[in-house]
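Trainee: Listed below, chain by chain, are the residues.
Protein chains: 2
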Amino acid sequence: MAEKKLVEEITSMDVDFTQWYTDVVKKAELMDYSSIKGCMIFKPNGYAIWENIQRLLDARFKATGVENVYLPLFIPESLLQKEKDHVEGFAPEAAWVTHGGNEELVERLAVRPTSETLFCDLYHNIVQSYRDLPKVYNQWCSVVRWEKTTRPFLRSSEFLWQEGHTAHATAEEAEERTLQMLNVYADFCEQDLAIPMIKGRKTDKEKFAGAEATYTIEALMHDGKALQSGTSHNFGDGFAHAYDITYTDKDNRLSYVHQTSWGVSTRLIGALIMVHGDDSGLVLPPHVAPVQVMIVPIRQDADGVADAAGGVKDALIKAGLRANVDLSDKRPGWKFAEAEMRGIPLRIEIGPKDVESGQCVLVRRDTREKVTVAIADAPQKAAELLETIQQDMLERAKKHLESHIYDAHTYEEFTDAVENKPGFIRAMWCGEEACELKIKEDTTATSRCMPFEQERIADTCVCCGKPAKKLVYWGKAY
Amino acid sequence: MAEKKLVEEITSMDVDFTQWYTDVVKKAELMDYSSIKGCMIFKPNGYAIWENIQRLLDARFKATGVENVYLPLFIPESLLQKEKDHVEGFAPEAAWVTHGGNEELVERLAVRPTSETLFCDLYHNIVQSYRDLPKVYNQWCSVVRWEKTTRPFLRSSEFLWQEGHTAHATAEEAEERTLQMLNVYADFCEQDLAIPMIKGRKTDKEKFAGAEATYTIEALMHDGKALQSGTSHNFGDGFAHAYDITYTDKDNRLSYVHQTSWGVSTRLIGALIMVHGDDSGLVLPPHVAPVQVMIVPIRQDADGVADAAGGVKDALIKAGLRANVDLSDKRPGWKFAEAEMRGIPLRIEIGPKDVESGQCVLVRRDTREKVTVAIADAPQKAAELLETIQQDMLERAKKHLESHIYDAHTYEEFTDAVENKPGFIRAMWCGEEACELKIKEDTTATSRCMPFEQERIADTCVCCGKPAKKLVYWGKAY
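Quick mapping for you: the protein sequence lines, in order, are chains S and X.
If you read the first sequence in numbering that gives the first Met the number 0, its first letter stands for residue 0, the second for the next number, and so on.
If you read the second sequence in numbering that gives the first Met the number 0, its first letter stands for residue 0, the second for the next number, and so on.
Hint data in this document are derived by calculation from the structure and do not stem from the laboratory.
For glycine and all other residues, C-beta sits at the position ideal for the given N, C-alpha and C.
Be a bit skeptical, because a hint or two may be false.
Said to hold, decoys possible - Computed footprint of chain S on chain X, listed as stretches where at least three residues anywhere in the stretch have a Cβ under 8 Å from a Cβ of chain S:
# : segment
1 : 45-59
2 : 71-84
3 : 117-123
4 : 135-144
5 : 375-389
Pulled out of the complex, with its shape left as it was, chain S reads as follows:
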């Protein structure tokens, strides 16, 4: 049967999670490889998810006073080099433009890997007085970091993201903005992506090149691996010194600004797939699903069926839902499988008998529960069910997260957990990079973050036995 074939072509996630992921991306038609090494193509189903993420996140940004801008794609090498740590972090993976038209450039240009340096150059030019502060700018764009290996949404030479860059009069205000945006990310992920996050601070080893402090949100994928899902950096006045960004305060004294930057990327789509997906394909939270309800007519050539299906679609759209009807010449079972593969949260089935009795059947993608309702009630019931699905998906993801956090008090417990218990490991740490390196060397696990909610589950470092300073979440990560 055709409908079985579509599903059979997906590897089960329990058999091979990596292959399952690749299969879902391909069969749900989210992304495709391009003929440019390391670069991906966002197909309509994948890009439409990104558009919803953009729309919802951008509204959250603007509610906090963010203004959108667009800065150039290119960074002159000399500009990139002004901040020592930053250039060391990014120059090795930059793509370099050396020729414009038929002429060799006097100075080569990096295709932006991130735009701190450009925003610094801008702020250097436009910030003079305290009246010019704060600057809270953001841009939606693509960035390029030359990668040898590619995984759809998770790692590619070019990816889409937003990068916020702010300048403030005081250190306190910069720290406040850094944490504010981390919370915007966490709230968005929880409320709209149905993905709970562990919030915390990165260790110095893991922080952004040039930052004083990096904060992160970390999610747990279905296979127990962590995914860094968004970061927010406080630069202090380091970049301001390197790029000479000063302002005169109310008392006419010259001060350096304090800066932040923060970003999330199309990685979030990878998180959606790996947190919510199942062996039938994608499962999308209703808030970001490009199509929320797919109506599938049964015996669509029978009297009144196509009309009734179209009527339901119109009523749903009128009610503000994103609905479509599948009138293709495929069999209903195949259409069911396709809608499931694409992760459409709700399916409505409507056949000749339903038309007769004025009813239709609503089927949830996440639980496959069915409920029969009067056609006239379909819009209201669908809207309610979508919100229920959204909440239930979050609850399930929370339970999965909570049941995959393990405390390790000894190194033996730690290494055992990394090997046998996929998930986050909570363990105390002395604060030394040497222990992070040893743990990574021994287990491949890395420090994910020092959670904001600190506890003292032991007195000594899980690795070296010296006095413990911080509770850290550890884990294998994408």
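The hints should help you fit chain X onto chain S, whose structure is shown.
Mentor: For chain X alone, kept in the frame of chain S given last:
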């Protein structure tokens, strides 16, 4: 007076239109030069206009079945070279990436100047059967064409645009889509940007590199120069042959697809400035104005004034308008001048006496007409006035266009018109490129388009005197 200074710094458009344009861009804080030659910075006021253009145009696209995608930034040189005319048109102005990270690339990559070749590569891979057609894809992105000279919004090495690329089973369907999208552009420009367009076909000399036919919308700027504002191309099956894009039809025969592409760019913002602006700055049509109503309190420290202003703002926002209140410590006159400079369509003044009498004053940006209304009626009155402004701006632009179209029957009339009558010149043409070249050489005017509404105003070519084939709009152009 401070408020006078802001305005005085703008050159009058009648004195020096070019300088006026640059002044408006700078003083309205739309755009800034960057330290990368040829690249511009979109500042918040400028980018917000682009966001509104994107939102409105994208909705129009999607209503016709367009799906958004995102393709890579880079094009391998070998891929660019497959279509002969196309590579000749674009390779000379491409920016070339030669190094990724620390390694020299085996093949250099062009930063996309336009993405026909990438879409062809994609369609080659994903189109097999008639069931896969049509493909109606679009992407919003930036493109790079190496330019020596820069003018904000009109000419820069990198600019923002959308590019639609479609593939169809038949030549008829491709032609239909080409014209459909040109009409989408023209309707959008007329209804949302309040800019009337001349629609027509480009001569072979002016058509897109690789196209069978290029259609264009041409607008007339305040100084009488034309601005090509959007183009839609029918490629026939030329690219399909070069990139081997075939499908099997219902009878299992192999056929080549027929393709189109179409785009508008941030040039449209240049058109907005040059069609509607005046000596006080920008004048924005309400549909795309980032802020539609600016509320300026008079004596904002007086009892109840700031509160009343805030209340009006909230009521306007609740009514669906984009409103803001200027509570800065500047003088009211300065705030008026700033709101005018930014082109905000409507200003609301509210002072202590107004608060007492429950009134406020609405001031139109375009005509400066004032009307006093009850505070409670402000949202409804503002909404009405904004729509009136939108319509009046279109009417004024139409009148300007119509009064700047001149018919030339002889070459003397033609050269006289180019010199003394800024605007479009309608004249008959024999169809030979030699006459286009001579006219450009003699007058700097170029053929803008062969309008869809053809007339026969003379029997012979205005240039060579041979039998006339087409009525052509000519003009100096940006």
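Trainee: Holds or violated: the segment 71-84 of chain X covered by chain S, criterion of 3 or more residues with Cβ-Cβ distance under 8 Å?
Mentor: With 6 residues in contact (Cβ-Cβ under 8 Å with chain S), the coverage given for the segment 71-84 of chain X holds.
Trainee: Closer than 8 Å, Cβ to Cβ, for at least three residues: run that test on the segment 45-59 of chain X against chain S and report holds or violated.
Mentor: The restraint on the segment 45-59 of chain X holds, since 4 of its residues have a Cβ under 8 Å from chain S and three suffice.
Trainee: State whether the coverage of the segment 117-123 of chain X by chain S holds or is violated, taking the criterion as 3 or more residues with Cβ-Cβ distances under 8 Å.
Mentor: As far as the segment 117-123 of chain X goes, the hint holds, because 3 residues have Cβ atoms under 8 Å from chain S.
Trainee: Verify the coverage statement for the segment 135-144 of chain X against chain S, using a C-beta to C-beta distance below 8 Å and requiring 3 or more qualifying residues.
Mentor: The restraint on the segment 135-144 of chain X holds, since 4 of its residues have a Cβ under 8 Å from chain S and three suffice.
Trainee: Go check the segment 375-389 of chain X versus chain S for me, would you? Three or more residues, Cβ under 8 Å, otherwise it fails.
Mentor: violated (count 0)
Hint 5 from the list above is the single one not met by this structure.
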